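Engineer: Here's the letter readout for the chains.
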Amino acid sequence: MQRIFWLAWRDLVLEFRGRTGILSAVFFLAVMLFILAMAFGPNPQNLQKAAPGVLWVALAFAGSLLAGRAFGLEVEDGTLDDLLLTPGSREWIYFGKLLFQFSLLVLVGLALLVLTAGLFYLPLQNWGWYLVVLLLGSLGYAAISTFYAGMLARLRGREVLLPLLLFPLVIPVVLAAVRFTQGLAEGIPVAELADWLRLLLVFDIIYVTVCAMVFPYMLEG
Amino acid sequence: MQLASSNQTSRLDNLTLGILGLGVVGAAVGFFMAMTAPPDQSQGFVARIFHLHVPVAWMAYLASFAALGYSVAYLVRRKSHHDRVAAATVEVGLIFMALALLTGMLWARPTWGVYWDWEPRLTTTAILFAIYVGYVVVRGAIEDPELRAKAAAGVAILGSINVPISYMSVKWWRSLHQTQSIDLTTGKINVDAAILIPMLVNLAAFTLLFIGLVRLRSLIAAREAAKEEV
Numbered sequence: 001m002q003r004i005f006w007l008a009w010r011d012l013v014l015e016f017r018g019r020t021g022i023l024s025a026v027f028f029l030a031v032m033l034f035i036l037a038m039a040f041g042p043n044p045q046n047l048q049k050a051a052p053g054v055l056w057v058a059l060a061f062a063g064s065l066l067a068g069r070a071f072g073l074e075v076e077d078g079t080l081d082d083l084l085l086t087p088g089s090r091e092w093i094y095f096g097k098l099l100f101q102f103s104l105l106v107l108v109g110l111a112l113l114v115l116t117a118g119l120f121y122l123p124l125q126n127w128g129w130y131l132v133v134l135l136l137g138s139l140g141y142a143a144i145s146t147f148y149a150g151m152l153a154r155l156r157g158r159e160v161l162l163p164l165l166l167f168p169l170v171i172p173v174v175l176a177a178v179r180f181t182q183g184l185a186e187g188i189p190v191a192e193l194a195d196w197l198r199l200l201l202v203f204d205i206i207y208v209t210v211c212a213m214v215f216p217y218m219l220e221g
Numbered sequence: 001m002q003l004a005s006s007n008q009t010s011r012l013d014n015l016t017l018g019i020l021g022l023g024v025v026g027a028a029v030g031f032f033m034a035m036t037a038p039p040d041q042s043q044g045f046v047a048r049i050f051h052l053h054v055p056v057a058w059m060a061y062l063a064s065f066a067a068l069g070y071s072v073a074y075l076v077r078r079k080s081h082h083d084r085v086a087a088a089t090v091e092v093g094l095i096f097m098a099l100a101l102l103t104g105m106l107w108a109r110p111t112w113g114v115y116w117d118w119e120p121r122l123t124t125t126a127i128l129f130a131i132y133v134g135y136v137v138v139r140g141a142i143e144d145p146e147l148r149a150k151a152a153a154g155v156a157i158l159g160s161i162n163v164p165i166s167y168m169s170v171k172w173w174r175s176l177h178q179t180q181s182i183d184l185t186t187g188k189i190n191v192d193a194a195i196l197i198p199m200l201v202n203l204a205a206f207t208l209l210f211i212g213l214v215r216l217r218s219l220i221a222a223r224e225a226a227k228e229e230v
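Sequence lines, in order, name chains A and B. Residue 123 in my numbering sits at position 123 of the first sequence; the count goes up by one each step and never skips. Residue 221 in my numbering sits at position 221 of the second sequence; the count goes up by one each step and never skips.
Hints in this document: simulated from the structure, not taken from any laboratory. All of these numbers come straight from a predicted model, not from anything done at the bench. Treat the hints with care, as some may be off.
Away from chain A, derived, C-beta distances all over 10 angstroms, residues of chain B [to be verified]:
#	residue
1	ALA27
2	LEU99
3	LEU101
4	GLU224
Here are some chain B residues pointing at chain A (derived, C-beta under 7 angstroms) [as the list claims (entries may be wrong)]:
#	residue
5	LEU75
6	ILE127
7	GLY134
8	ALA141
9	ALA151
10	GLY154
11	ILE157
12	ILE161
Think of the CB as a built atom: it goes at the ideal place given N, C-alpha and C, for glycine as much as any other residue.
Whenever a hint applies, use it, and build me the whole structure from the sequences.
Structural biologist: This is how it looks when you write it as structure tokens:
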């Protein structure tokens, strides 16, 4: 259990010392939001309608951009084999990387949420529920992107393959998260939207479990 | 040993041929029965497309379960045979899934008035299609056979989780798509016997066709692998 936190902590420290990854991701997303805001025109109603979709699509892009970070350094420095040499089962590597990926995504997601609220007039009165859906959605993204990033870590064409594999699988997350966010923005009571949140939760639980079970097989050899 | 195994895999065996032949005959009989079945009460003759749509959709879902089974078997046992069969089920399943989507769209146009609707069942099936396209692309992108087999197995296992979500989606969100003709969770049959029997004949025929095609495809894959080794 401790190992998981140390691995995630070490990766986060390295990430923030390097600064290139997360900063460029946030900057890229900010530019993307600007372009989308221009594309949807100056009418506040149109912008508000588009806001939930924009938020989650941007986060999906961030997820695939940052997914390579989880294993990129390990492969560059040749430390992946050292990780594999540690005694015990290997699920903890998955959980450690998942925690790292999840924290990155939540941080980027928070920045994105504030940016979309500002640029797209997303009303944030229910900020608690926005936070809940952000946490659940990020976990869903991170579960799958971490798995595929680890699987493709040693492969050369991974930058292209990763989004290709990732996006179809995260569609249920995007769908549920967008619908829930949309409902929140329109002021629909949360009780009526609970189905979407339930789907997100089920999805997260299933994918984290299955990914953790299959992941050790992907790393060896 | 090498010779024996290559001999075994290089011949198109009688079983595969038999299954394929039975499947073709069954499909012909099923087609005849479907065309002579009485028209549906509310939908008329358009409903006959279900005799094709339901079996191919079933096979498409079955393919992902088979791919899941063989992928897990590969990860546990590490036999390249399992990997080849998993790949074959996905490729054949992809064809069936495309057919299911296509026939569904052809039926939807006269009945719903649109070819496509963003409705959970359709959307999840389309997602499933995209996932298995990804599977085929990954297989094409990785050259090392062991790495390829492992990665493909990973994709198949994660992808198959979407199938139950797709199946249940019709019940979870009551929507445009019809409920299942045969409800597996309660065992209730929602269609008339005059339509059910041809549908079952078709189902059996398509199952045979599916198995035969998968066997054929894995035979070809085994031949290719044997050739690469030499």
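Engineer: Does each hint hold? Answer for all of them.
Structural biologist: Now for the hints, and whether the structure bears them out:
1. ALA27: Consistent with the label, ALA27 (chain B) stays out of reach of chain A, its closest Cβ about 31 angstroms off (over 10 angstroms).
2. LEU99: holds (19 angstroms)
3. LEU101: Check passes; 14 angstroms lies beyond 10 angstroms.
4. GLU224: At about 22 angstroms from chain A, GLU224 (chain B) clears the 10 angstroms cut-off, so the statement holds.
5. LEU75: holds (5 angstroms)
6. ILE127: holds (5 angstroms)
7. GLY134: With a closest approach of 5 angstroms, the GLY134 (chain B) hint holds.
8. ALA141: Nearest chain A Cβ about 6 angstroms off; hint holds.
9. ALA151: At about 6 angstroms, which falls below the 7 angstroms cut-off, the nearest Cβ of chain A leaves the hint on ALA151 (chain B) intact, so it holds.
10. GLY154: holds (5 angstroms)
11. ILE157: The hint holds - ILE157 (chain B) has a Cβ within 7 angstroms of chain A, the shortest such distance being about 5 angstroms.
12. ILE161: With Cβ-Cβ at 6 angstroms, under 7 angstroms, it holds.
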